[in-house]
Amino acid sequence: MSGDVAVDVRGVSKRFQDDKGREVHALQDVSFQVRRGEIVALTGRSGCGKTTLLRIIMGLEHPTSGAVDVDGEAVHGPGINRGIVFQNAELLPWRTALGNVEFGLEARRLPKAQRREAAEQAIELVGLKDAAHRRPHELSGGMRQRVGIARALAIDPAVLLMDEPFSALDAQTREKMQGELLEIHQRTGKTIIFVSHDIDESVLLADRVVTLVPDPGRVHGLLDTDFGASIDLDERRGSAKFAQRRHELLQLVHGREIAQQDGVSV
Amino acid sequence: MTALADQAAPVEDETALSRRIRSQRRSGRDRLITAAAVVVLLIIWEVAARQVDPILAAPPSAVFTALIGMVGDGSLPTAVWESAQPFLVGYVLAIVVGVPVGLLIGRFRVVEAAIGWLVIAGYAMPMIALTPVFMLWFGLGFAVKAAMVMTMTVFAISINTWNGVQNVPRTLIEVGTAFCTSQPRILTQIVIPSVIPSIMTGLRIGIGKAVVGIVIAEFFTAIGGVGGVIVDAGHSFQPDRMFAAVVVLMLAAVALTGLVGLIERRLAPWNRSIAGGAR
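Residue numbers (my numbering), protein chains in the order written: chain G, 1 to 266; chain R, 1 to 279.
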């Protein structure tokens, strides 16, 4: 595999039994690659297995068959080459913002001073320097999710994995956070994979969108958004390309075939 | 990005501040209502008690006078001290036993299957039924009081701790797993801090239980302490002294519960059910 593939998902299938003992075929033969520095969205209707797929890349669940490589290494469980952002931030309530960021670093056995420095840098990167010593209950939802992002970034992972990171936020905060994510991406150059059920968000933020369809969960199509270098979200939103991509993605999500246009492969 | 965040921060602070001011104003109003209710109750009690035979009831003014007298002649401080010692010993023993037992039941299914039922049964059982056998085992002195307090309290503490372990958010444990945290660190950094609020709830409920325990012990076994004062005053038709002792018990229970609540807020300020209070 060439050196610029950050995540390689090969033939991943996942079957499990639900509470009633029925066999659920969550994912079937899912394959795609994520290039280094790319932002990729996993999207699809509910039940399409997008979150299961992300959890397999995280190493929190194991595929029934198939394999995932991150940074050239096979995934067998969670690892510090992946930084994870949870849907509801999931901060430790008894720790300050800074303490939560340090928590992620503690498994790395760094000297204390170095750990503190890395945590402070990450807190600054997400713009929470002034709130570093507040506890989660003293932070707004958006600030909490910023701490979640800082915690994942602080371990300097090869890939940032985000599970519906902005879905629990109000619309205004969500828009702001989306812009900040692109700014963070521009500054750090991290590879980012995020799950979203939001068509607009997927088109707006991702370089490429992987669409999944349910029963069984499988890849239906890949969409290159191809917005170019500008990370101005208002500009992106207002462009004709956004409307077109949005339309194309909707077709894909609903399982329809779309005409082979530039950047679309089904 | 930093600029965006800086703009946002004051707005968020403002809402937090106004929320705090509003809750302070509300708690000020609530306190006024409580104080007014206390005054009304005292007035009704005063008026009603004056209508009946002084052998049967005493108005608050008489109770207050009796209270001053009992403090003055030293009988009340002696009684309080006599009750406080076994109370503390029993309560501390209940913590020392109840918290680890709750942790073990919550953490290990085997332990839950083995002794979970016992803790539930112990919590549900009216302890007073055990008084005769406790007298046989522990005699009529200090030991029986401490034992009653402990038995009354330990199950409440165990059950709440147990409950707390079961309610440790799985998502937080998953955060630990995702960041490659070792099992011992998951226990010390995630599980135990998550359980602290439940343990403190157990300790708060335990205070009330312990007060009942000490009074039962002093009524039926070793007549002495504040419970003894109540029994003696009742038998000698001195309702003013009796109510004075009851008021002391009530105040002590309220103060101790408040103290545990205070410690709870210091230990677990994130626990909204305490910090937020009633809406």
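Mixed in with the good hints there might be a few duds.
Stated by the list, open to error - With a straight-line Cα cutoff of 20 Å, these simulated SDA-like cross-link-like pairs (lysine to any residue) come out:
id, chain 1, residue 1, chain 2, residue 2
1, G, K129, G, G179
2, G, K112, R, G141
3, G, K112, R, Q189
4, G, K176, G, D156
5, G, K112, R, R185
6, G, K241, G, I231
7, G, K176, G, F227
8, G, K112, R, F220
Think of the hints as simulated: they come from the structure by calculation, not from any bench. Every value quoted in this text rests on a predicted model; they were computed, and no experiment measured them.
Hint check:
Distance restraint check for K129/G and G179/G: the Cα-Cα separation of roughly 19 Å lies within the 20 Å cut-off, and the hinted pair is therefore satisfied. A C-alpha spacing of about 55 Å is found between K112/G and G141/R, which places the hinted pair above 20 Å, so the restraint is violated. For the hint linking K112/G to Q189/R, the alpha-carbon distance of about 17 Å falls within 20 Å, and the restraint holds. For the hint pairing K176/G with D156/G, the CA-to-CA distance comes to about 23 Å; that exceeds 20 Å, so the pair is violated.
A C-alpha spacing of about 16 Å is found between K112/G and R185/R, which places the hinted pair at or below 20 Å, so the restraint holds. Distance restraint check for K241/G and I231/G: the Cα-Cα separation of roughly 14 Å lies within the 20 Å cut-off, and the hinted pair is therefore satisfied. This hinted pair checks out: K176/G and F227/G have alpha carbons roughly 19 Å apart, not beyond 20 Å. For the given pair, K112/G sits about 59 Å from F220/R by alpha-carbon distance, which is inconsistent with the 20 Å threshold.
Violated hints, in rising order: 2, 4, 8; the structure is consistent with all others.
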